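S.K.: We have chain A; now place chain B onto it with these hints.
Same order as they appear, the protein sequences are chains A and B.
Using the numbering used here, read the first sequence as starting at 1 and increasing by one per residue.
Using the numbering used here, read the second sequence as starting at 1 and increasing by one per residue.
What the hints contain is simulated information worked out from the structure, not anything from laboratory work.
Quick caveat: nothing in here was measured; it's all calculated off a predicted structure.
All C-beta atoms, glycine included, are put in the ideal place defined by N, C-alpha and C.
Keep in mind that a hint or two might mislead.
Label pairs and their in silico Cβ distance ranges [claimed, not checked]:
# : chain 1 : residue 1 : chain 2 : residue 2 : range
1 : B       : 70        : A       : 147       : 19 to 29 Å
2 : B       : 259       : A       : 135       : 49 to 59 Å
3 : B       : 237       : A       : 147       : 38 to 48 Å
4 : B       : 28        : A       : 229       : 49 to 59 Å
5 : A       : 191       : B       : 143       : 31 to 41 Å
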Amino acid sequence: MKTYALKKTWILLLLVILFLFWVGLKYGSVPLEKGTLFQILNPEISEYTRMIIFELRLPRMVMALIIGMMLSSSGVVVQAVFRNPLADPYLIGISASAVTGAVLAFLLGLPDFFYGVFAFATSVGTTFVIFRLSVRKGRVSVAMLLIIGIAVSSFMSAFTSFAMYWIGEDSFRISVWLMGYLGGATWKRVLILLGPLLAALAYFHYHRLDLDALTRGDEEAHSLGVNTGVIKKRLLVAASLISAFSVAFSGMIGFVGLIMPHTMRILVGTNHSRLIPLTALAGGAFLLFADILARTILAPVEIPIGVVTAFFGAPFFLYLAVTRRNGMFL
Amino acid sequence: MNVSVHVSNLEFSYGSRNVINKMNQRFNAGRITGVLGPNGCGKSTLIKNILGYLQASNGRVEFINDADALPLKTRRSRTVSLVPQRPGAMGSETVFDTVQMGRLPYVENRWAGYSSADRKKTEEVMRRLDLTDFQDRPVGDLSGGEQQKVMLARCLVQDTPVMLLDEATANLDMQHKVDIMLKIRERVQNSGTTVIAVMHDLNLAAQFCDSILFMKNGHSRYYGTPREVITSEAINEIYGIHLTVYIDNAGVPFVLPGRDLMIPCSEPERKILNVL
Numbered sequence: 001m002k003t004y005a006l007k008k009t010w011i012l013l014l015l016v017i018l019f020l021f022w023v024g025l026k027y028g029s030v031p032l033e034k035g036t037l038f039q040i041l042n043p044e045i046s047e048y049t050r051m052i053i054f055e056l057r058l059p060r061m062v063m064a065l066i067i068g069m070m071l072s073s074s075g076v077v078v079q080a081v082f083r084n085p086l087a088d089p090y091l092i093g094i095s096a097s098a099v100t101g102a103v104l105a106f107l108l109g110l111p112d113f114f115y116g117v118f119a120f121a122t123s124v125g126t127t128f129v130i131f132r133l134s135v136r137k138g139r140v141s142v143a144m145l146l147i148i149g150i151a152v153s154s155f156m157s158a159f160t161s162f163a164m165y166w167i168g169e170d171s172f173r174i175s176v177w178l179m180g181y182l183g184g185a186t187w188k189r190v191l192i193l194l195g196p197l198l199a200a201l202a203y204f205h206y207h208r209l210d211l212d213a214l215t216r217g218d219e220e221a222h223s224l225g226v227n228t229g230v231i232k233k234r235l236l237v238a239a240s241l242i243s244a245f246s247v248a249f250s251g252m253i254g255f256v257g258l259i260m261p262h263t264m265r266i267l268v269g270t271n272h273s274r275l276i277p278l279t280a281l282a283g284g285a286f287l288l289f290a291d292i293l294a295r296t297i298l299a300p301v302e303i304p305i306g307v308v309t310a311f312f313g314a315p316f317f318l319y320l321a322v323t324r325r326n327g328m329f330l
Numbered sequence: 001m002n003v004s005v006h007v008s009n010l011e012f013s014y015g016s017r018n019v020i021n022k023m024n025q026r027f028n029a030g031r032i033t034g035v036l037g038p039n040g041c042g043k044s045t046l047i048k049n050i051l052g053y054l055q056a057s058n059g060r061v062e063f064i065n066d067a068d069a070l071p072l073k074t075r076r077s078r079t080v081s082l083v084p085q086r087p088g089a090m091g092s093e094t095v096f097d098t099v100q101m102g103r104l105p106y107v108e109n110r111w112a113g114y115s116s117a118d119r120k121k122t123e124e125v126m127r128r129l130d131l132t133d134f135q136d137r138p139v140g141d142l143s144g145g146e147q148q149k150v151m152l153a154r155c156l157v158q159d160t161p162v163m164l165l166d167e168a169t170a171n172l173d174m175q176h177k178v179d180i181m182l183k184i185r186e187r188v189q190n191s192g193t194t195v196i197a198v199m200h201d202l203n204l205a206a207q208f209c210d211s212i213l214f215m216k217n218g219h220s221r222y223y224g225t226p227r228e229v230i231t232s233e234a235i236n237e238i239y240g241i242h243l244t245v246y247i248d249n250a251g252v253p254f255v256l257p258g259r260d261l262m263i264p265c266s267e268p269e270r271k272i273l274n275v276l
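Bound conformation, chain A alone (with noise of 0.2 Å):
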């Protein structure tokens, strides 16, 4: 007989990122000496090591765990809104939209501030008409939304390609944005990010008794008072926002949004009052982990974080579809 084991998953990951923060800071690139941690207050360190710490090393931290708790809140939206454990916040087209934007900004020859903004307008502009043209009898459906996703994509990319052999060597700056980037952090990127952040998972939390009703499917959603059109669409928007900032703060980073809330799903249910923030939790988590593997394996060498994530998500994922087929809602 199974249960949901839910204060014991709260304090684990909690401890699991106190455990990563601590990690985070005592190992990068530069190696700190024994003991600098525990003494972070006392005004004899120096400006060196504190600048490491305070300046790079904990922003960053910081910063990756807003990206994962994004990426992974809105991913648990998207799932419950299309019904299906394989959708994610990217599937309807807003990475490789964001992407175009950036290829856009550099081929502008704009500075590198305005890959972000690119990024984000593009995204959240294909979003809109996404869903506009996704709407039949005036509500969202999925089938089409999934299939525009799809084309979109598809047509994007095929740009991208394009604008990258066009471009010729100076295309990996684009390339790096391909496979997620967090180096770029700093306390006001931070600031900016957290801001949408709250608001979402607020928003999600707020409709939690709404999207459990939404995983029984639309017409019994409906049987129980859920304006299922406007809502459905409405949180999708939300999440595709969240995605869009991401992906403009951090570049393309892949699986957060599609494992952590599979994962956390089997673990915890699908109750979402606890779902959402703990599957942020996790999410945050995560790539918190990714980050700091990124940075050190290869050190001074940075390896792009997608790449870690999609290393270490996808076998996950694999493994979990094959053991636990029990939370998959095929």
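M.R.: Relative to chain A, chain B alone:
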């Protein structure tokens, strides 16, 4: 509160295909009405229209309060509930959470969520249906029959004067079929609920329903008590097959599908008659 459902001049089409054609029918409170007919006759579409999930292109569905003969003002989800055909597709939600969903139409403040009264009501219904032992288990771990009982419990927790059953017992074994129908009878007797049940099993319908509605081509064809409606002629017209209708000791009609096409003889030699 007794509420009857009035369907008047209802029309509905998927694209150019008319599924419901100028249907007029009244479903009375305190009765189980079994809706039967061949696949594609519009049974499920009718249910979806009553539920308000599909919007009719013409005509209307009204919920009339029998006490004052006026249309009901409460919102649809507090008026009518549904026991769907297939048990939940997802399976990782707990039994308790699933049953409690029936209180969703009564949650006024989404921030606050379910109240302690909602929780109490859920627990009470679960006790009545012997589901308490399952409450923390994922729905997907239960058998089909148990899952359908969970759906029934959610419906009872929703506590509406009208209940819709969309082939709710179609995939269940005998024991669970009977169990669920008995629970529904009990509810109808205690609360005067209006039950509209789409069914395929003529014998089950004859036994448990107060009225039978045979649908054909998207409208009502025969309506009455099981004894009045379930006749060889009606079955021949609706389903296009010849069947003898038997009457049991209690006066309930029953049929043996296929019986009339077989030579009555001992087991190993049973052959198919050449009458088709």
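S.K.: Any hints this thing doesn't respect? Which numbers, in order?
M.R.: 1, 4, 5
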